[in-house]
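**Q** Given next are the chains, with one letter for each unit.
Protein chains: 4
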Amino acid sequence: MKMRKICVFIGSRANYSSIKSAMIAIQNHPDLELLVILGASALLDRYGSVAELIKKDGFKVDEEVFMLLEGETPSTMAKSTGIGLIELPTIFDRLRPDVVLTVGDRFETMATTLAASYMNIAVAHTMGGEVSGTIDESIRHAVTKFAHIHFPASQDAKERIVKLGESLDSVHMVGCPRIDLVAEIINNASNELNILQDDGVGSKIDFDKPFLIVSQHPVTTEYGHGEKQIRETLEAVRKTGMQAIILWPNSDAGAEDISRGIRKFREEGCAQNMHFFKNLPVSDYIQLMNRTACLVGNSSSGIREGAFIGTPVVNIGNRQNRRQHGRNVINTDYKCSEIYNALIKQIENGKYPSENIYGDGNAGNRIANILSSCSWSIQKVISY
Amino acid sequence: MKMRKICVFIGSRANYSSIKSAMIAIQNHPDLELLVILGASALLDRYGSVAELIKKDGFKVDEEVFMLLEGETPSTMAKSTGIGLIELPTIFDRLRPDVVLTVGDRFETMATTLAASYMNIAVAHTMGGEVSGTIDESIRHAVTKFAHIHFPASQDAKERIVKLGESLDSVHMVGCPRIDLVAEIINNASNELNILQDDGVGSKIDFDKPFLIVSQHPVTTEYGHGEKQIRETLEAVRKTGMQAIILWPNSDAGAEDISRGIRKFREEGCAQNMHFFKNLPVSDYIQLMNRTACLVGNSSSGIREGAFIGTPVVNIGNRQNRRQHGRNVINTDYKCSEIYNALIKQIENGKYPSENIYGDGNAGNRIANILSSCSWSIQKVISY
Amino acid sequence: MKMRKICVFIGSRANYSSIKSAMIAIQNHPDLELLVILGASALLDRYGSVAELIKKDGFKVDEEVFMLLEGETPSTMAKSTGIGLIELPTIFDRLRPDVVLTVGDRFETMATTLAASYMNIAVAHTMGGEVSGTIDESIRHAVTKFAHIHFPASQDAKERIVKLGESLDSVHMVGCPRIDLVAEIINNASNELNILQDDGVGSKIDFDKPFLIVSQHPVTTEYGHGEKQIRETLEAVRKTGMQAIILWPNSDAGAEDISRGIRKFREEGCAQNMHFFKNLPVSDYIQLMNRTACLVGNSSSGIREGAFIGTPVVNIGNRQNRRQHGRNVINTDYKCSEIYNALIKQIENGKYPSENIYGDGNAGNRIANILSSCSWSIQKVISY
Amino acid sequence: MKMRKICVFIGSRANYSSIKSAMIAIQNHPDLELLVILGASALLDRYGSVAELIKKDGFKVDEEVFMLLEGETPSTMAKSTGIGLIELPTIFDRLRPDVVLTVGDRFETMATTLAASYMNIAVAHTMGGEVSGTIDESIRHAVTKFAHIHFPASQDAKERIVKLGESLDSVHMVGCPRIDLVAEIINNASNELNILQDDGVGSKIDFDKPFLIVSQHPVTTEYGHGEKQIRETLEAVRKTGMQAIILWPNSDAGAEDISRGIRKFREEGCAQNMHFFKNLPVSDYIQLMNRTACLVGNSSSGIREGAFIGTPVVNIGNRQNRRQHGRNVINTDYKCSEIYNALIKQIENGKYPSENIYGDGNAGNRIANILSSCSWSIQKVISY
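Protein chains in written order, with my numbering: chain A, 1 to 384; chain B, 1 to 384; chain C, 1 to 384; chain D, 1 to 384.
Careful: at least some of the hints might be erroneous.
All copies of an identical chain are treated as equivalent in the list; a pair is satisfied when it fits inside any one copy or across any two copies.
EDC-like mimics (lysine to aspartate or glutamate), calculated; alpha carbons at most 16 Å apart, straight line [claimed, not checked]: (1) Lys204 to Glu268; (2) Lys2 to Asp98; (3) Lys209 to Glu348; (4) Lys264 to Asp45; (5) Lys5 to Asp98; (6) Lys335 to Glu235; (7) Lys209 to Glu52; (8) Lys2 to Glu33; (9) Lys60 to Glu33; (10) Lys2 to Asp31; (11) Lys239 to Glu338; (12) Lys5 to Asp31; (13) Lys5 to Asp62; (14) Lys5 to Glu33.
Simulated from the structure, these hints should not be mistaken for lab results.
Work out the full structure: start from the sequences and follow the hints.
**A** Given below as structure tokens:
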């Protein structure tokens, strides 16, 4: 029997940790062949060298697509999608995958999805059916309307995909592949924290004392407000007096606003207990989530991995709007005082018990097994 | 009060007749300003010079976007969308519309929709919520998931949009603007048939005798089968012995297959009672639909305008799959004998009574009025 | 020793016959590996299926690049070059050629040249140093300024390249590879004319009687005048009363004007002794040049192959402006009466003696040998 | 009489200071209308906000073109040119300039030049005819072969353009517009140094004591060596013990290498007497050149402005290869010890007498006057 070729597109460091366990399972499956395309910020040094990480993890990269137009405005975000759409069809024509597996809801996902579906290649989609803020909310559901095979991460998400008119037998609740990694790292006693603090800049963090993590990304639908938004967060963090790790934002429209906010804060000398990282190895990040006094910002990791790990989380603003979350999350507005109060509450509470909302650590294998055996129809038909 | 700027993107001759009455109403509305972008096949001579038509109708064209990559394959269809996505943001940055009004479900609609929504410009969408075959089925529902204001053409479509999770107060059942034109043309006694047969090639048609119309477009999800498909149709038409008007296909992937099929048929000398048009003025086309013994192929006009006019229609294959239709339509497979039998049945039946499924002729005014007064939230939130 | 990888880009049917003999020689050379990229009009059915021809001739096509934006205006010609420039670097990154061999002076040549030279890949260029009209004149010399290895086709051209500041040891006068093909076809007694007249449309040509060939392409720097220009030619041809083969124009800006001129002429019933071809196999074309009473238009083949074959040629307008030609050519303006008089003169003169201006039939082998042994410096230095 | 529309494309901060005096003269000329397009790094915050500077100087920006693809590799440099080539024709179609005035030899210049010349718009070119290293050497001469009006900055350059086959009456030796600015700033007594050291990062510079300036850009034809190259320079600078201003590199392929070299040097704590600027206002930069003990690196400003000002310069490597320079320049290889020795020699020598090699401060007015009255032929003809 001919092996099915499964092509994974990785467009960012977040993408990679969201699909890594599925990639391993596909690579190890006797009836599947794994093809890997790296694109967008995954290729760029300034967002942390994902390319090298992927190669170090033993994956062969079949194609690279430079597609990020400089500017980080809503307009360049659209143009970058366009550049992807010009290059990806040539790549799909060459690789001829049976299925293109695409992750989540970032803007470049739209390029992968359109290229594949216009070319009558089956699209498989992870993390569909969830709800959130930003343009991601629209992208995610639009990808669902193009996708032929759905791999939602939660029961809630599965039900939403079915309501969107997808046929029940194309929707497979598998859990989130990111939780697979989390489970492995958390359960692996030999995993030690090996952060090289030289990788970032700023004050040294003493990991034996309590520390905060800040991870705040732009909200594309609130473009232009990022600098003020991050400022509120950083002020609240400083007010706690606790040492903190600050992560640079992803490459969405508005990233430059947030970066500027961080730079100014630092240049004003306000960042005395803070250490800044461009990127962290996933395993380090998960272990930090396992130890931190509180994760603050708007990263989906707080909601998703946080539920499983039990990390105390202060989730700010609309980016994770209505995404299903566990007891570990306190939501706040972009307001220093609110954020500060929530931080204090979480610091006092400490770690929460683990919840299985986003999976049990076995999503990757389920995805590979389903991809090896499922059938689909290229012509989609809405169920109502 | 500042006037709202409504920007209409027209990507093909079909697009234009689908939105013309709304454009007139917007242009005449005291609180609205009309902006017009022409793109894709609307700019190209070989698909009939839509550009000149639009200017003749009294509209100013603000921007032109060449975006069709030659090839007419699924891959160039994706790349063309990408080229549109590179250019449209620059144009939107310049025009700064309040709302981008986009039509239907063609591949270039995706470029307009993504560019506008990524840039936080409200997207209004006509003809959403319907069902059909080809990639259009996925495009249409994906556009719905990006759109902020919905203008479905039928009750059935309205309900489907609400089921897709759109908030009820963003969905306005207005009817189809194409029906507005149809009503005007049909009701206008002075409208005479002024087809210049010199515009096309082939045998002269005697419009005082019964004649057929063939309008068959590629089905992207059945790419590569077009030549055989049109052959079956043309054979069936020839078998009736009736004179026929043949329209060239649109620019979707697979158009070249259908064109080749038509050319070969003609070069073999089989097209003796046939006249070939690249394009017809809308008013002529509607009057021909009002007089023809039967319209055969897979054009949506058979379903939509056909219901209102009462045109006998033989609808072939999957392109209009499950789209709501009236009693005037007989569905068949791509099979000469089936098509022939349906043709004979329709010729014998003659004209059907008018049905209002797709509107009452007042959609354009409703659209302009709603656009002048409605509010919307850029951050979309699914209703379940 | 590692084999040198030589990558040939073919963008049109004319490109292919201009480089075919070099491709054969490279393929057969023990120290060279041939890589082939097809792009632009070479991929398109409507310009004659070059892709199939190349495969039939035994070459493997490594990459295909759809890059022609529809419109055939000066503006789309520039945009098409841009699309090529987006895709070609990805392709060169994958193929990693040592040398990119590019042909002549068409607009897409600029894309190949820029992509390769920006990426520090050596550029080898055939047919540089000649003079002509249209934008080709600028493109040709600009490519020379980027190229590292020059293969001019004539002594005259070689001297011009040296004057342009190229170092003498990078300029190799090899003759024109198109003449290699001509020599082979002309000398090969068994070559019979096997034109399938069914491939084109129009009247049948009786090849035992005298016939004319018309091959007229757009002049980009005279954009908008093509319809009138071809009209003058066709009228002059008709006036001779001689049967004629008419070739459709290439894809430069303005092609649609010329095509429209041809179509109208035909639809007015003026084309009674004319047969129209989209494309001809090279061997047929050469044999027709060997038999025709006169070749009329502005094709470079009249100048180049014509000198070797001795074909009587009427060369119209500025397209071949100042290109070195033999005694076989009469130059005229775009004027029916002038063209007619020149036609009559050439018909009466008959065939001319062969001249070796553009080579002796051994260019391909010379190119392959030089490519296998030459050295170059990526950093170019002008000689004065 | 209709005013001539002159469209200037500005792609970087260097571009702007190279053309500013001509822009002023064009804007003030009664027969000329100035159009301004900003593109490439001129739009990007991270290269210093040129956009705001231009607006502050009183120019209206007509169009903005985001065209830099992230990556800063040779491959993205080619792709960025392609993106420019897709957008610029639309812009030229809208602005309809009579002349496009383009500056120098950066990769985006090629996009402007090709778009304009393919569209039969006259191209005027400043700074042609010079010699240097990197791909700029090829770009500069290729642009000359497309340009219709030449504005060389030196006699040497003028002669080279004529040798390249350009007709003598199209070549106007006007001097370099950058020198116009330099003359004005140097001669203007009231000009005070108003550098806000807060704009950059690092140690404070005491401008009353001797200081060095480092300005080193990537050499595209030596891609991959930048980190090592800048290291040698920085070590030599440190060895002098003198305080130094370090400028970040431009956006050419390889910029990331140099930036990384600088960052590492700083993070190792070696940058104790150094201050880092992303960008400097031209007037500050010129005044710094007027005061510095020595300018070191490979910036063309050392050669060009340096000759006029008399700045001691250590010019490293091949970037300015063979460009005509004055007595103020010492050339060295990328070698710490060589650079150090040259630095010591220049520091000891002090300021040099002014030389007029690149103009007398009146280039801008000459350019405007010539543009208002000159004629040209769109069809270029090489002079030999």
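**Q** Now tell me, hint by hint, if it's right for this structure.
**A** Hint check results:
1. Lys204 to Glu268: Classified as between; 15 Å across copies, 18 Å inside a copy.
2. Lys2 to Asp98: Close inside one copy (11 Å), not across copies (36 Å); limit 16 Å.
3. Lys209 to Glu348: within (14 Å within a copy, 55 Å between copies)
4. Lys264 to Asp45: between (22 Å within a copy, 14 Å between copies)
5. Lys5 to Asp98: within (5 Å within a copy, 31 Å between copies)
6. Lys335 to Glu235: So lysine 335 and glutamate 235 pass the 16 Å test inside one copy only (10 Å; across, 46 Å).
7. Lys209 to Glu52: neither (32 Å within a copy, 45 Å between copies)
8. Lys2 to Glu33: Within. Shortest intra-copy distance 10 Å satisfies the 16 Å Cα cut-off; inter-copy 31 Å does not.
9. Lys60 to Glu33: This pair counts as within: shortest intra-copy Cα distance 11 Å, inter-copy 25 Å.
10. Lys2 to Asp31: Classified as within: same-chain Cα gap 8 Å, cross-chain 37 Å, threshold 16 Å.
11. Lys239 to Glu338: within (12 Å within a copy, 52 Å between copies)
12. Lys5 to Asp31: So lysine 5 and aspartate 31 pass the 16 Å test inside one copy only (9 Å; across, 35 Å).
13. Lys5 to Asp62: within (12 Å within a copy, 21 Å between copies)
14. Lys5 to Glu33: Answer is within; shortest intra-copy Cα gap is 5 Å, inter-copy 29 Å.
Violated hint: 7 only; the structure is consistent with all others.
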